[in-house]
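Trainee: Residue numbers (this note's numbering), protein chains in the order written: chain R, 1 to 303; chain C, 1001 to 1279.
Accuracy of the hints is not assured; some may be wrong.
Listed next, the in silico SDA-like pairs over lysine to any residue satisfying Cα-Cα at most 25 Å (straight line) [claimed, not checked]: (1) R/K137 <-> C/I1279; (2) R/K137 <-> C/G1085; (3) R/K137 <-> C/R1016; (4) R/K137 <-> C/R1171; (5) R/K137 <-> C/G1089; (6) R/K137 <-> C/E1013; (7) R/K137 <-> C/L1256; (8) R/K137 <-> C/V1261; (9) R/K137 <-> R/T63; (10) R/K137 <-> C/H1009; (11) R/K137 <-> C/G1094.
Simulated from the structure, these hints should not be mistaken for lab results.
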Amino acid sequence: MDQAAIHATGLHKSFGDTHAVRGVDLSVPRGEVFGFLGPNGAGKSTVVKIILGLVQATAGDVTVLGHPAGSLAARRRIGFLPETFRFHEWMHASEFLDFHGRLAGLDRDTRSRRVPEMLELVGLAQRRRDRLATFSKGMLQRIGLAQALLAEPPLVVLDEPTSALDPIGRRDVRDIIRALRAGGTTVFLNSHLLSEIEQVCDQVAIINRGQVVAAGDLRQLLAAREVELRLGDGADAALRAAGLEPLSARPDEGRYTLTAGSDEEIARITANLAGAGVSIYEVQVRSNSLEDLFVRLADSTDQ
Amino acid sequence: MSLWIVADHTLREAVRRRVVLAAAVVIGGFLALYGVGVWFGYRDISTDPDLTASMQRVIVGFMLQGGMWSLNFVASLLAIFLAVGSISGEIDQGTMHAVAARPLRRSSIVLGKFLGNLLLLTVFIGISTAVMIAVVAIITGQFAERAWTAPFAMLFAAAVLLAVTIAGSTRLGTLANGVVVFTLYAVALVGGVIEQIGNFLDNPVTFDIGIATSVLLPTRALWDLAGAQLAQQSGSTTGMTGGPFSSLNPPSGWMLLVAAVYLVLALAYAVRAFQRRDI
Ligand SMILES: Nc1ncnc2c1ncn2[C@@H]1O[C@H](COP(=O)(O)OP(=O)(O)OP(=O)(O)O)[C@@H](O)[C@H]1O
Ligand SMILES: [Mg+2]
Chain R
1 MDQAAIHATG LHKSFGDTHA VRGVDLSVPR GEVFGFLGPN GAGKSTVVKI
51 ILGLVQATAG DVTVLGHPAG SLAARRRIGF LPETFRFHEW MHASEFLDFH
101 GRLAGLDRDT RSRRVPEMLE LVGLAQRRRD RLATFSKGML QRIGLAQALL
151 AEPPLVVLDE PTSALDPIGR RDVRDIIRAL RAGGTTVFLN SHLLSEIEQV
201 CDQVAIINRG QVVAAGDLRQ LLAAREVELR LGDGADAALR AAGLEPLSAR
251 PDEGRYTLTA GSDEEIARIT ANLAGAGVSI YEVQVRSNSL EDLFVRLADS
301 TDQ
Chain C
1001 MSLWIVADHT LREAVRRRVV LAAAVVIGGF LALYGVGVWF GYRDISTDPD
1051 LTASMQRVIV GFMLQGGMWS LNFVASLLAI FLAVGSISGE IDQGTMHAVA
1101 ARPLRRSSIV LGKFLGNLLL LTVFIGISTA VMIAVVAIIT GQFAERAWTA
1151 PFAMLFAAAV LLAVTIAGST RLGTLANGVV VFTLYAVALV GGVIEQIGNF
1201 LDNPVTFDIG IATSVLLPTR ALWDLAGAQL AQQSGSTTGM TGGPFSSLNP
1251 PSGWMLLVAA VYLVLALAYA VRAFQRRDI
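Produce the entire structure from the sequences given, and follow the hints as far as they go.
Mentor: Following this line, the structure appears as structure tokens:
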């Protein structure tokens, strides 16, 4: 039981000349909401499809709850909402869920219980007899979510589950995700809606150009601060002596930028400098929002 | 198990998207027209004092053979249309993703679609040929006992076409696949005529080209087996008939084996190609 919900090592995927995923390592702990974010074309959906076995990795290893990704055993344990959420439009809403229930191996009784429950959950109980062809985009995404949760899988993989939803729908989905976590389900959430990630995720990984550029506990990532200092003479030597590596430095102006994991660390840095007899003229602390972090990481690997 | 779920889904889809209704209307119309044609045709030949009873028999047999050939043609087209976008089309539309992520083998998807469409074609061919044989029997009083081979040959040919079309759709987009399969089908059809000409002219090269097209796609050769039975039934002899309906030199029974191998290979290829494909 100690193995991760998803464990990926050295994942690569090329589509012809496009190197979509280049060496991704991931470890998604069980029972948490894991946010996977990155700019368009970063490779998020490709990684998700590898996890589902829809796309074959060029290299690397993925296990899902201890089973090789793409194996029947792995797929039996995943509920998946695809990014495109396009379904067979000639089916009725409840017929569609029933079909997926059968594919998931649910017996008749379970299906007749779960299908109405799921329709209720995503607010489509009224439309259960309507063909999917008559559904709006947001309604299709909702029915897709219902389809993903239908078989009560221990792992739910959602590729941008709210891209077509109105604000109320987004809030509903956040509530559903929280309820899933409360019930012990692991949720892998692909998104670039940062507020959504901030509100529901425990852990995140940020991917850019097919590589993970930051990963870890969301609170810790956000706790990191940038400290801009304007210092007097002797700053260089004092920083070096304290083992502090500036992000950037313009010694002629006395300007240095450092990172600090917490407020306490900032206090320690300034105390250290003052103790070494360096004058501190200016201290500016910039806290990282997820957006800052996202933009900085997306930009930095662009060059 | 999941194979049957996919087959069932495929069948339902054909019904719900009105493919079945459209096919039923078209074929119903064709059979009605055909019935009228046979009725008037038979009225003429049965009152023509110049025709002997055995010649009448041959002409009626020829009418049945032509009708069956038309049904075979429609069944072939239906097989192509049903399967032309079965894999690529669903991947392009995005409807494949949620399904293929479920715990079922890709082979179940391919074989389930094959089976579902085959069931549909079985019903289509069974009903339409039975109605046609009955119409001819009622109007002319001439019952073709050996005509039962025709629906089997048609179904076999339709199964081969289905398999080839599904195999194509694992690699090609809907339109490209349609063009390729239909061209193959047309070449095999024309190849039959070439084979007959080669036989008539006693030219082995022309004859071999005809045979080669049968190996390329054995659908026409399968029809020829049934056509030969129909021709023998009515007692028509070489030289009486010709053209694409008829089968002057029926293929040997080996053709059945070739077609069976062809079918299995096409399905195996479809499964393999789909298993390797990124969705
Ligand atoms: N089937 C494919 N064939 C060729 N290239 C592909 C294919 N699928 C994805 N790619 C390429 O792989 C890269 C990553 O695509 P992917 O869909 O994983 O991005 P993403 O992070 O999900 O982006 P978005 O936020 O826009 O959904 C892109 O450059 C894309 O063009
Ligand atoms: Mg994506």
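Trainee: If a hint holds in the structure, say so; if it does not, say that too.
Mentor: Consistency of the hints with the structure:
1. For a cut-off of 25 Å, the pair hint linking R/K137 to C/I1279 stands: about 22 Å separates their Cα positions.
2. The suggested pairing of R/K137 with C/G1085 holds, with an alpha-carbon distance near 24 Å, which does not exceed 25 Å.
3. Distance hint between R/K137 and C/R1016 is fulfilled; the C-alpha atoms sit about 22 Å from each other, no more than 25 Å.
4. Only pairs whose Cα atoms come within 25 Å are accepted, and R/K137 paired with C/R1171 is rejected, the gap being roughly 29 Å.
5. Between the alpha carbons of R/K137 and C/G1089 the distance comes to roughly 20 Å, so the proposed pair stays at or under 25 Å and holds.
6. Distance check on the hinted pair: R/K137 and C/E1013 sit about 22 Å apart at the alpha-carbon level, within 25 Å; holds.
7. In summary, the hint linking R/K137 to C/L1256 is not supported, as the alpha carbons are separated by about 50 Å, beyond the 25 Å threshold.
8. Straight-line distance between C-alpha atoms of R/K137 and C/V1261 comes to about 46 Å, which puts the hinted pair past the 25 Å bound.
9. About 33 Å separates the Cα atoms of R/K137 and R/T63, which puts this hinted pair outside 25 Å; it is violated.
10. Between the alpha carbons of R/K137 and C/H1009 the distance comes to roughly 23 Å, so the proposed pair stays at or under 25 Å and holds.
11. About 14 Å separates the Cα atoms of R/K137 and C/G1094, which keeps this hinted pair within 25 Å; it holds.
Checked against the numbered hints above, the structure violates hints 4, 7, 8, 9; every other hint is satisfied.
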